[in-house]
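Enquirer: Residue numbers (my numbering), protein chains in the order written: chain A, 1 to 275; chain B, 1 to 169.
Heads up, a few of these hints could be off.
As the list claims (entries may be wrong) - In the DSS-like style, the derived pairs of lysine-lysine whose C-alpha atoms are separated by at most 25 Å in a straight line are: (1) A:Lys-207 to A:Lys-169; (2) B:Lys-64 to B:Lys-116; (3) B:Lys-64 to A:Lys-94; (4) B:Lys-139 to A:Lys-94; (5) A:Lys-169 to A:Lys-84.
Claimed, not checked - Chain A is nowhere near these chain B residues, computed Cβ spacing over 10 Å in every case: (6) Asp-65; (7) Arg-84; (8) Pro-146.
FYI, nobody ran anything at the bench for these hints, they're computed from the structure.
None of the values given here were measured: they were computed from a predicted structure.
For every residue, glycine included, the Cβ atom is placed at its ideal position computed from N, Cα and C.
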Amino acid sequence: MNKIAKIASALTLGLTVSMMAHGHRAWIVPASTVLSGEDAWVTFDAAVSNDIFHADHAPLRHNTIEAIGPDGKAVELQNGSTGKHRSTFDLNLKQQGTYKIFYASNGLNARWETEDGQRRFWPQRGVAPTQEGFEKEVPKKAKNLQISQASRRMETFVTAGSPSTEVFKPTNAGLEMVPVTHPNDLFAGEEAEFSFLIDGKPAVGAKITVIPGGMRYRNEQAAIEVVTDKKGKVAITWPQAGLYWLEAEYSDNKGKKPAKERRGMYVATFEVLPE
Amino acid sequence: MRSRLFALFLTLSSVSAFGGELVVSLEIPRLDVAEYHRPYTALWIEGPDKKITNLAVWYDVEMKDDKGEDWLKDMRQWWRRSGRELDMPIDGVSGATRAPGTHTLSFAEGTAPLGKLAAGEYTLMLEAAREVGGRELLKIPFQWPPQKQETLKAQGKTELGAFQLTLNP
Numbered sequence: 001m002n003k004i005a006k007i008a009s010a011l012t013l014g015l016t017v018s019m020m021a022h023g024h025r026a027w028i029v030p031a032s033t034v035l036s037g038e039d040a041w042v043t044f045d046a047a048v049s050n051d052i053f054h055a056d057h058a059p060l061r062h063n064t065i066e067a068i069g070p071d072g073k074a075v076e077l078q079n080g081s082t083g084k085h086r087s088t089f090d091l092n093l094k095q096q097g098t099y100k101i102f103y104a105s106n107g108l109n110a111r112w113e114t115e116d117g118q119r120r121f122w123p124q125r126g127v128a129p130t131q132e133g134f135e136k137e138v139p140k141k142a143k144n145l146q147i148s149q150a151s152r153r154m155e156t157f158v159t160a161g162s163p164s165t166e167v168f169k170p171t172n173a174g175l176e177m178v179p180v181t182h183p184n185d186l187f188a189g190e191e192a193e194f195s196f197l198i199d200g201k202p203a204v205g206a207k208i209t210v211i212p213g214g215m216r217y218r219n220e221q222a223a224i225e226v227v228t229d230k231k232g233k234v235a236i237t238w239p240q241a242g243l244y245w246l247e248a249e250y251s252d253n254k255g256k257k258p259a260k261e262r263r264g265m266y267v268a269t270f271e272v273l274p275e
Numbered sequence: 001m002r003s004r005l006f007a008l009f010l011t012l013s014s015v016s017a018f019g020g021e022l023v024v025s026l027e028i029p030r031l032d033v034a035e036y037h038r039p040y041t042a043l044w045i046e047g048p049d050k051k052i053t054n055l056a057v058w059y060d061v062e063m064k065d066d067k068g069e070d071w072l073k074d075m076r077q078w079w080r081r082s083g084r085e086l087d088m089p090i091d092g093v094s095g096a097t098r099a100p101g102t103h104t105l106s107f108a109e110g111t112a113p114l115g116k117l118a119a120g121e122y123t124l125m126l127e128a129a130r131e132v133g134g135r136e137l138l139k140i141p142f143q144w145p146p147q148k149q150e151t152l153k154a155q156g157k158t159e160l161g162a163f164q165l166t167l168n169p
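Could you put the whole structure together from the sequences, leaning on the hints where they help?
Expert: The following block contains the structure:
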């Protein structure tokens, strides 16, 4: 990632954090997820909004989003553009198999109070949470100093030809999802199983919220809420075909020093097809 | 030696004596629509253990750079069950899309593409997907091998019409 992309990434992180805090939802939505043919393309929209998949609030900057191909290697996203309410980019699926399109960040954050009672946060909005920055900006001792380790990941998957699983290999950093049921093989009325990891270990008790797209055309959230079991797994039965937004939240007190709390947030977009 | 050869001959002839036949008749309905494209159509058998035998896949084989393969995924169930694993075209299975009307196809056991079917419960599947149109899937369950000649039927509503399977022992 070049310097500009890194800065943009940090900006988006700040934006994403603040948006999510206000009940907004971030998403990357593919125009199609299952493709045939030898030179397939998929176009994507990425945004932060209240109504899932309706771009009406803020874009998610496209240069913070990455993709990996069926061989596990990075694939360049093309034709990126950031608009007022959403960003867009394209992916050329030159290899057959499954691609992962994602945004990921993982780092420390801190809050404390100064001697005269003013509240302080680190990193400030628009600042990347680097180790150097942490050491320079965050005091070793302060009133109500709370340091936590926070990860954030957003993903979606698309497949050309036969589904593959190389892109499911976890990085073992932050909150991650490892599919048991392939995310590009989801059908209405069928059960899908996913397992969640926190720093490579089962994320037990993570809160999962699944919301069908098309919220604007109904009067309720229609959210499915489940909690991961002792193995970090959940099973979801899709009530009907369509796009779905999944969010997982996890926290515990096993943060790596100097952090105490460890938090993870994960978001994915899935397409469920009719039988 | 002679008796051995004779035994072998008996074995071979008994295999072919069991060889049944499937005769499939399927109707692609004539539709009164402003923009009509012949449907992509797939005909296959699902056996015990979900084993798939593809009998026919009709799609736009003429397009430049195999561009016609881009819409194979629209035959969603076929794509999921086996299409996505295949390298198109397939000799003796794939071909051009067919015009509206009734098409009759017969498949003999022991010859491609049907090959050998073990005794058991099977389902004959027919799926059609049409550009700027709809998609429809029909199923006819059947027992193999057939004990007597038998005709089984299903009826399409939108993208497919009459669908019929005659089993010949």
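Enquirer: Now tell me, hint by hint, if it's right for this structure.
Expert: We went through each hint and held it up to the structure:
no. : hint                   : verdict
1   : A:Lys-207 to A:Lys-169 : 22 Å, holds
2   : B:Lys-64 to B:Lys-116  : 35 Å, violated
3   : B:Lys-64 to A:Lys-94   : 18 Å, holds
4   : B:Lys-139 to A:Lys-94  : 35 Å, violated
5   : A:Lys-169 to A:Lys-84  : 34 Å, violated
6   : Asp-65                 : 7 Å, violated
7   : Arg-84                 : 5 Å, violated
8   : Pro-146                : 29 Å, holds
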